[in-house]
Amino acid sequence: MDEEQMWKGFFFKLQEMKMNPPTEHEQKLQDGDDGFFEKFGSLLRQKSQIDEGVLKTSLAPLEESSQDGDEEIYEKFSPLQGEKSQIDDSTGAEGSDTSPDGTSQFSQDPDFSNTFDTESEQASISEKDISTKVLDAAPVMNVTDLYEEILFEIYNNIGCENNEECTGTLVEFVQEAFKISNSTHLEISEAARQKEPPNVRLNVEIIKAENLLSKDSNGLSDPFVTLYLESNGSHRYNSSVKPATLNPIWEEHFSLPIADNARDEVLIVEVWDFDAAETVKEKVNKILDVKGVKGLSKLMKEIAVTASSGKHDNELIGRAAITLKSIPVSGLTVWYNLEKGGKTRSRGSLLVNLALSAEKNKNVAVQEHKNLLKLLLMHELETSQVANYWWSGKFSPNAELIRSQHAAQSGLTPFDCALSQWHAYSTIHETHKLNFTLFNSILDVVVPVINCMQTDSEDVKTFWDGVKRLLPSCFAVLRKLRAKNTSDKNIVRALNEVLDILKKIKDLEVPENVDIFPKSVYGWIHTNGTDETCNIDTAIIDAINTGAKEWLEHIVEGSRQTKTHETDEEKLQYIIKLIQLVRSDLQRAMEYFDKLFYHKIQLNYSAILYLFYDSKLAEICKSIIIDVCNNIKRLDVPDDQFEYLPNIDNVNMGTSLFEVYLILKRYVQLGESLCSEPLELASFYPWFERGVTHWLDISIIKALNRIQKAIDLDQLKAVDETVKYSSSAVDTLSIFYQIKIFWQQLDWPEVEGSYTFVAKIINDICRCCIFYAQKMSNRVENFALIGDNNKMFVLSQEWCIAINNMDYIRQSLPSFIKELGTDDIIKRLGEYRTNLEAERCASTITAVIENARDTERNQIVELIEIVARKMAPPIKRYLAEGAEVLAKDSNSMDQLMNYLEGSLTTLYETLNEVNFGRILDSIWSELAIIMYDLIQSNLDKRRPPAFFQNLNNTLQTMLDCFKMGNIEASDVKILSAIQSRLELYSLETADLIHQYYMDRLEYQKNQTSSQYGQLTIMANLTDSGLVLNILNARNLLAMDSNGTVDSFVKITFLPTIRFNDVSPLKTNVHNKNCFPLYDQEFRINLSEPQRTDKNSLILFSIKDKDLFGMSSQYIAESYISFADIEAAPGEQIMMNLSRPEYTDSDALRALEYRQGDKQAKDFVKKLKNRSFS
Amino acid sequence: MTNMRPPQRSKLLKVVILGDGGVGKSALLNRFVSNRYEENNFHTIGVEFMNKDIEVDGERYTLQIWDTAGQERFRALRTPFYRGSDICLLCYALDDRDSLRGLNLWRNEFLMYADVDADKFPFIVVGNKNDLPVAKRQVTYEAVQHWCAEQKIASHIETSSKAATNVTEAFTLGLRQWRHMECVAESELRQQGDTIDLTRPIRLAQRRICCTGGGETADSSADVDDAAMRSPGTKMFGQKRNNAKAPKTNYRL
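Protein sequences appear in the order of chains A and B.
Note that the UniProt record's numbering has the first sequence beginning at 1, numbered continuously upward.
Note that the UniProt record's numbering has the second sequence beginning at 1, numbered continuously upward.
To be clear, the hints were calculated from the coordinates, so they are not data collected in a lab.
Glycine is no exception: its CB is placed at the ideal position from the N, C-alpha and C atoms.
Please note: incorrect hints may appear among the correct ones.
These stretches of chain A come out as covered by chain B in the derived footprint (C-beta under 8 Å, 3 or more residues) [what the hints assert, rightly or not]:
hint, segment
1, 435-442
2, 693-699
3, 846-856
4, 1148-1160
Once the Cα atoms are required to be at most 30 Å apart in a straight line, the calculated DSS-like pairs of lysine-lysine come out as [claimed, not checked]:
hint, chain 1, residue 1, chain 2, residue 2
5, A, Lys633, B, Lys120
6, A, Lys818, A, Lys47
7, A, Lys818, B, Lys52
8, B, Lys52, A, Lys827
9, A, Lys208, A, Lys340
10, A, Lys433, A, Lys506
11, A, Lys622, A, Lys600
Just some of the chain B residues that point at chain A, by a computed CB distance under 8 Å [as the list claims (entries may be wrong)]:
hint, residue
12, Ile45
13, Ala76
14, Leu77
15, Trp106
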């Protein structure tokens, strides 16, 4: 059979079987070891395929996310639905993913989203703390001043909107927005109405102070600045409070109206320590209780501080008095030493910029505008309860009107407005998140102008201040891409905006003195210990890494068992879960985020993520896996003897280790496709070496046990009608098949290890094959023992099946081993090392396989020999019986033929050609032995020639029937020798005697010299008879005492029975001559049949005539056949003389056995006399 | 009459060659099996396997020789092949002092993974590269003898694969040592007599018969006196037979 084809056919069958659930038989077989091989082979493969499938489906792209209209988003963010709708959405988004299993990689862990929420909550709380500070530091105007300004603007509205009704609504709106009590309102309103636009203004910028005196117990102060004109001490302007510092920086602008007597005015600038003892918080809390809007409360706190400035217990640090006449028109920036009560002690100094102008200072206007925007937005947020990340720049009509009035009346350019918005919104954004699109659109207006500005200009400073406020939330988006409380769709949208913002900002030059990444805010930024400047690009990567880190830390904690002593299994499951989660994350990154990152800022997001995970996972996995592998106990593996099979009850291994292996392998493959850098995890496989070794140890034990079981269960019936092997062969091969699948899955990446493992697998499989052959052989031998005592051995199908099974396994071996990929491994070895080394490895594999195949073949041949031996007794019996009966009508012959035919038919039909040939050979060998035994024993029994005749006929028949001409040469020789022997024994005595003469002739011809001398004759066959010339004799043996001989030649024709009408002839006697010259011619008449029988012999006996002539003494003799005479007509023929001393004649021996035959007995006696005479 | 090959029987023995990388294990094996010497320096990858028939003191043996890679990185890969060994060759190089020191580790690694009794296992210490000039020699014969005595290893031999000296002798020495151990083990077993637990297989000595050419079963050669020593399976793994076909009886007419 073509091995390839057979193998293929087998696998096809196997595949078919694997598709179906295990049969009862398989079940029984697998029960023994819990389906060890299936578990590691096809089931493991199936499992990992399913895992893969889950991973894929779970992260199928979000449905039509790009096509979603804005409306849906509106819904999502609609204030009415609020947070609830968001949760719904996120769950909805998950639900829409086709696999419930997939995304629940995250949600399976109920802690995860919660914990993460809490965490983000904490994060945002800390952010709030930060932003509180930022907000506190922000320049804030006395709210009443601003209120007055706005009312003033409303009353002096310009443009077509100006009418009484409208004014009324606006005033109401403003009062509400500014949260001004009615009494205050009236007061301020009156002032605003009466207010004349001032002609001259003093524009003051409080820049900073240094070395302030500490007033608080902590050695610091909480300074703020109050300024007023000496003439108008009740109208004070306050700066913000800078908490806990002696070197505060304000950079705040104030615009003070100046009366006519300007030159005599004195500006008083006071630095106060804000007394926190009077708990501003309490005040704030009161407002909080009432209002409940967080962002607003913050602002109100500032307001509260300012508003209460008259009543507080603040301590004066120092003051400076500046006479206005000292100010030049162009303005000046001057350090003032602070004083208090004329004491000389240094109280610090204050840097102030002073300028006089007729118009409202632009800086002041911008600041007013900022504050106005803040107030309006607060109001807006409060009244319409806008959700986080929702507001995108649209005010209510009233607010918009007020805003545009202020912009117009303050003469602000679109850029000024945009910048104010940028700053104001980013400040609000710190506490109440606004939509990133808002900032994006503002940036479009601001960036081109900023780009052209000097880096030290006020606007640039303002811009970057806004940037500083906005960036943390941008990075927060990057860091919290994994938060599950928002849907993927929203995340993608937000990310899109954020990346746009970052892209626009990152190319701008950051002013030297601006640190956009203060350590206090960006604790997560990775600094290499040095003060390496971080820019937005590095911060983005840091943010990505930090996000990954936080998430990883979370899942590492979340997946870990809380128990202190984890089992190895738990540890492995933990790794599996971890990697699955990470893979899901990467998958998500690739499907949703990669494109954005790449298009916006040319970052390979998932590659960055992967590299981050790589080292972390390598660290976690390596220690666990090595640990687990080290915990593996070594096994008592049977040696090659199979003396006993180790108990398999306690030998087992979970598949987890290899699940980890496979999942890591796929994970690394993913990484290699993502990153060009070398990966730490890429060297994961050596961690598993011990595990693999252990598996191989187990598998040999399990395989041997299972083979044993398969053989025990085997009914020795062909598995189906198309094949000639039984279940155990299939079972054994399916073990190999599973081992193969395991090995293919393992797909060991490193070639040297790969070779060594495969060498071990091959060695083990070879051992299994041999084990199988042994056990199969034993099985069938035992099988035959039962009930086989005296009955005739009937060759059954089982024997053939057993032989086939063994042969089947043996033949499958090479192609199976090819399937392990050995060729490829050898090829790779050659590339990796040298061809020499590869060849050595190849020859090792070949040697191992050949050894196994040799052994198996021996096993088969031995079994075949056993079969042949078992067939021998019946054959012998039939042969003997058949030969016994003289009559030819005996049916023993038929019985024998039937027996042989039956057996051989079974063999022929069941065995393959090779084994059929083998068994034929064995049978013929057995037959030779049987024949030999029969001949010997029956010779002893003096069977008549007919017995041997019959035996010979039977043998001939068998040869004719069954010999296919493919017998080994030795067998032919043996059989033909037996045949000729049988022919001899079947001869009648006379024929046997003639055969003896023929033997003598043969012997004589082979003699090169003779001690008895030679005889020369000449003969010629004629039409009527024979002309015979006895010419001479030489070197005759001296018979007489005188040393000579008186010789004559007696001529006898043989066989006598044929020539009984021819009388014996004699020559004349030649006296006393050892070289007699007879030279005597005889003419003998012979009949036609006498002439033509080539077998006829002439016997020349040379005799010595004795003194009395009464009898003659025998000297020696020689023979010639008619065939010889015919070959040399008329030529001199010299023949050696001999005596019947030559006894190594089968014919003679046969004659000797015929002691009951008188003719034979006499002949032998005569012969003996002659030889010893 | 017909020239029947008489049944030949040879014992099958598994031999493992251990030692540091570069001491010449593969060269030794190559010289022994195919009488060749490869000048090129090459490394064994994991394990290599070769067969060799050898006749010692009138007995025929088939050696199944596993050559191993000495490098540390192959450790996990080679150790599975130790089990079932009958003889272990511990190799060092005469010009490498460290390789002698390494023998301790090798011996321990072998004992651990082959799971054999240290005192009853035939170790052969083989010093390779005997052909080097004296000046390059770093390990004296005496030093090795001393080490062997400490480890109770009786067999030590210096060889040269390059010059083909003492190579076959090294393996022969191993065989003799194995047989010696075998005899010791057998006599010990006999002394223990009836007290042997038949259910517990004897691990220390491998008895394997390999039939070359003949079809005789191994039963006849198994120790009939001692049931525990008789191997139940008659045919052993990897037995090597050259002709597949051989009638049982020689007949002469």
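Evaluated hints:
Evaluation of the coverage hint for the segment 435-442 of chain A: breached, as 0 residues show C-beta separations to chain B shorter than 8 Å, against a requirement of three. With 3 residues having a Cβ less than 8 Å from any Cβ of chain B, the segment 693-699 of chain A passes the three-residue criterion, so the hint holds. Counting residues of the segment 846-856 of chain A whose beta carbon lies closer than 8 Å to any beta carbon of chain B gives 6, which reaches the threshold of three, so the coverage claim holds. With 0 residues bearing a CB less than 8 Å from a CB of chain B, the segment 1148-1160 of chain A misses the requirement of three and the coverage assertion fails.
Using a Cα cut-off of 30 Å, the hinted pair Lys633 of chain A and Lys120 of chain B holds, with the two alpha carbons roughly 25 Å apart. Restraint check for Lys818 of chain A and Lys47 of chain A: satisfied, since their Cα atoms lie roughly 26 Å apart, inside the 30 Å limit. For the suggested pair Lys818 of chain A and Lys52 of chain B, the alpha carbons sit about 25 Å apart, so the restraint of at most 30 Å is met. For the given pair, Lys52 of chain B sits about 27 Å from Lys827 of chain A by alpha-carbon distance, which is consistent with the 30 Å threshold.
Distance restraint check for Lys208 of chain A and Lys340 of chain A: the Cα-Cα separation of roughly 19 Å lies within the 30 Å cut-off, and the hinted pair is therefore satisfied. Proximity of Lys433 of chain A to Lys506 of chain A is assessed by CA-CA distance (about 21 Å); at most 30 Å being required, the pair is judged to hold. Straight-line distance between C-alpha atoms of Lys622 of chain A and Lys600 of chain A comes to about 37 Å, which puts the hinted pair past the 30 Å bound. A least Cβ separation of about 5 Å between Ile45 of chain B and chain A falls short of the 8 Å threshold, and the interface hint therefore holds.
At its closest, the beta carbon of Ala76 of chain B sits 4 Å from a beta carbon of chain A; the interface hint therefore holds under the 8 Å criterion. About 4 Å separates the beta-carbon of Leu77 of chain B from the nearest beta-carbon of chain A, less than 8 Å, and the hint is met. Evaluation of the Trp106 of chain B hint against chain A yields a violated restraint, the C-beta minimum of about 18 Å exceeding 8 Å.
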